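Novice: Now for the letters of each chain:
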Amino acid sequence: MNHSLLVVLLASGIAYGTPLLFASLGELLAERAGVLNLGVEGMMLVGAVMGFWTVQRVGAGTPLTLTLAMVIAAVAGTLMAAIHAFLVITLRASQIVSGLALTIFAGAAGLSSYLGNDLNLADQPARHSFAPFLPSTLQKLPVLGPILFGQTILVYVSWACVVAIALYLSRTRTGLNLRAVGESPAAADTMGVNVSLYRYGHTLAGGAFAGVAGATVTLAITPQWVDGITGGAGWIAIALVIFAFWRPEICLVGAYFFGAMQALAPELQARNIQLGPTVLWSNSLPYVMTIVVLVAVSSGTARRRLGAPAALGTPYVREEH
Amino acid sequence: MSRRTHIALEQRLSRPRWLTVAVPVGSVVFAFVVVAVVLLATGHNPLREYRQLFDAAFLQRGALEQTLIAATPLAFTGLAAAAAFRMKLYNIGAEGQMYIGAITAAAAGLYLGGSGGASPFVIGAMVAAGCIGGLGWALIPGILRAFFKTNEILTSLLLNYVAGYVLTYLIFESQSYWRQTKGFNASVFPTGKPLPSSAVWPTWTIHLQGGIGLPLGAGLAVVVAAIVWLLYSRTRFGVEAQVLGDSERAARYSGVRVRRKIIAVMALSGAIAGLGGASQDGDFRHALDGDPNGLQKQGFGYTGIVVAALGRYNPFAVVLIAFLIGGLENAGNTLQGPSFPAGLVGVIQGIILFCALGGELLTRYRVRVTWRRDTRAALAPAEAAR
Chain A
1 MNHSLLVVLL
11 ASGIAYGTPL
21 LFASLGELLA
31 ERAGVLNLGV
41 EGMMLVGAVM
51 GFWTVQRVGA
61 GTPLTLTLAM
71 VIAAVAGTLM
81 AAIHAFLVIT
91 LRASQIVSGL
101 ALTIFAGAAG
111 LSSYLGNDLN
121 LADQPARHSF
131 APFLPSTLQK
141 LPVLGPILFG
151 QTILVYVSWA
161 CVVAIALYLS
171 RTRTGLNLRA
181 VGESPAAADT
191 MGVNVSLYRY
201 GHTLAGGAFA
211 GVAGATVTLA
221 ITPQWVDGIT
231 GGAGWIAIAL
241 VIFAFWRPEI
251 CLVGAYFFGA
261 MQALAPELQA
271 RNIQLGPTVL
281 WSNSLPYVMT
291 IVVLVAVSSG
301 TARRRLGAPA
311 ALGTPYVREE
321 H
Chain B
1 MSRRTHIALE
11 QRLSRPRWLT
21 VAVPVGSVVF
31 AFVVVAVVLL
41 ATGHNPLREY
51 RQLFDAAFLQ
61 RGALEQTLIA
71 ATPLAFTGLA
81 AAAAFRMKLY
91 NIGAEGQMYI
101 GAITAAAAGL
111 YLGGSGGASP
121 FVIGAMVAAG
131 CIGGLGWALI
141 PGILRAFFKT
151 NEILTSLLLN
161 YVAGYVLTYL
171 IFESQSYWRQ
181 TKGFNASVFP
191 TGKPLPSSAV
201 WPTWTIHLQG
211 GIGLPLGAGL
221 AVVVAAIVWL
231 LYSRTRFGVE
241 AQVLGDSERA
251 ARYSGVRVRR
261 KIIAVMALSG
271 AIAGLGGASQ
281 DGDFRHALDG
291 DPNGLQKQGF
301 GYTGIVVAAL
311 GRYNPFAVVL
321 IAFLIGGLEN
331 AGNTLQGPSF
341 PAGLVGVIQG
351 IILFCALGGE
361 LLTRYRVRVT
371 WRRDTRAALA
381 PAEAAR
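Chains as they are written, first to last, in the numbering used here: chain A, 1 to 321; chain B, 1 to 386.
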């Protein structure tokens, strides 16, 4: 029963969805501050390669090494986000072009590939990786076992992050200020909120989340390094923020939905199930479904009622307001 | 007495002409300084690397020919991006539109081509088919944007992955019309069916560096640049697109049919990218390249965005920048190895783009730095004297 296609898809949907969830939570924080960062894919890849580098080079015990790897991945993502933050907040560059530039700079044919080559990381299995850690009696429970208890610690950490961010946005002073900055920076400025500081802080936090998301791919899902290993997950994460109407709890549902879709292709191949051009449609499915859902939420009333932060994508210059 | 440095940004009322040239040039110089620091930090000698880079890009025997081969697709994808970005339609799907253009153009070439020399009719059909293929693929994000206001950045990008899977499927996972099925090699490693000789595009030899071939595609790219320039600067279409790019509301009030215009611009952009795909078939690969490590590994569509942004969306500047970035790409391929790791070229491109973006500030704002004495300290004695 625990090996039926549905249970396996739900369980691996959660696993595959976790990097999407981390990345979209980070993007959500940046966008709530009014900064659109299209560099998620690039930040994820740099986090992925630096996290992988850490486990290959650090000789400490597994728990310590993996913790360190996640910290380094977060720092790497933060540094990448800092470039974007400086360009769009201080130098007032176009957020769209700067984000694209970040993905080109850091992405599959840029810095992440350079680091992977320069540090000789390709074609080796990871020395340490995340594995399910709860007692096996729990993991063997029918249906719920693999889905809820057969996950790595990252999954439970991501749940804690969802709760923390939801509370942060709705129940704390800084969270409310953040929303003000994203909706109307001029009003927030009048209230005495430091708009630039909020924007910097949350863009950098978004980078840290993207870095962790990347390392989740290379240390938990496919423990190895290949150029462009995230395969567009960063872009799906950006789309996810839109479907989730900028709310963390909906990000969680969406991430697992798309995670399950990403898990479908390898699972069908492993079971040798053929339905027409299986490789073609099962690999394309996550991308096509993302487009379908984007169309559904972007048209008509859904958009008007639960819209994006009003100042998303626009620089804030005090003298020009 | 204390002094305070005060930095203020003042909006410029007009942009001086010299700045629009000086700022990009200055950005590139600054970028190379930044890259030199990165190279030094990672234990490379920047001067040696730059010299090698320049030799491999332009000076070595045969270098210019390879640079043209790398630059031609970038000119197409750069023009595709420029045509759309100009009106703030961010089509980042040139990559996928190029694949689809390559597929349709190869179909035309395989179907119509025969033995004998290059045939203008067959080549014309391939050009048309490539344009139509790219155009069709670009219509998906275009129509979704026009009718449902769906973000075209995400849809056009996600479709790149889908187009990549289609391309791989046609050569590797099916017995399609494009796949070579005869011969010994076909059973060992799947490849595209070679184009018949009349579907292979001609080259013109220039007597330089011992003879370099100028591909037909490079000439077509210049023609396309001229067409895009004419369209945007000399026609009603261009003016309306420009207005729409600045303000959708203003465009609507002045009677521009917004939906139609969005779809037309996306179609134009996709057709140019698709033409780039046709040029890949006809000029360089002479078959449909479905290998995930072939055409798909090049990332022409993404580099085209760098090219377009550095050329500030001016079609002729885009062609020139494509040539320079093509040199960089070519040098990267030639030098690739332990002392020049893959990915370095992407890093350099990214840094150049960041510097150009940052430098943009200087064309919009005047930076005024003033040193003035602390006003409170200066006022205090005056107050006391009163």
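Hints listed in this document are in silico derivations from the structure and should not be mistaken for laboratory results.
Quick caveat, the model's predicted, so the values are computed rather than measured.
Wrong hints could be hidden among the right ones.
[Claimed, not checked] Computed cross-link-like contacts, EDC-like style, restricted to lysine to aspartate or glutamate with a CA-CA straight-line distance of at most 20 Å:
1) B/K297 - A/D227
2) B/K193 - B/E49
3) B/K149 - B/D291
4) B/K149 - B/E173
5) B/K182 - B/D55
6) B/K297 - A/E249
[To be verified] Computed footprint of chain A on chain B, listed as stretches where at least three residues anywhere in the stretch have a Cβ under 8 Å from a Cβ of chain A:
7) 209 to 218
8) 305 to 312
9) 350 to 356
Don't be surprised by glycine CBs; every beta carbon is placed ideally from N, CA and C.
Novice: Work down the list of hints and note, for each, if the structure agrees.
Specialist: Right, here's what the structure says about each hint:
{"no.": "1", "hint": "B/K297 - A/D227", "result": "holds, 10 Å"}
{"no.": "2", "hint": "B/K193 - B/E49", "result": "violated, 40 Å"}
{"no.": "3", "hint": "B/K149 - B/D291", "result": "violated, 35 Å"}
{"no.": "4", "hint": "B/K149 - B/E173", "result": "violated, 35 Å"}
{"no.": "5", "hint": "B/K182 - B/D55", "result": "violated, 42 Å"}
{"no.": "6", "hint": "B/K297 - A/E249", "result": "violated, 37 Å"}
{"no.": "7", "hint": "209 to 218", "result": "violated (count 0)"}
{"no.": "8", "hint": "305 to 312", "result": "holds (count 3)"}
{"no.": "9", "hint": "350 to 356", "result": "holds (count 4)"}
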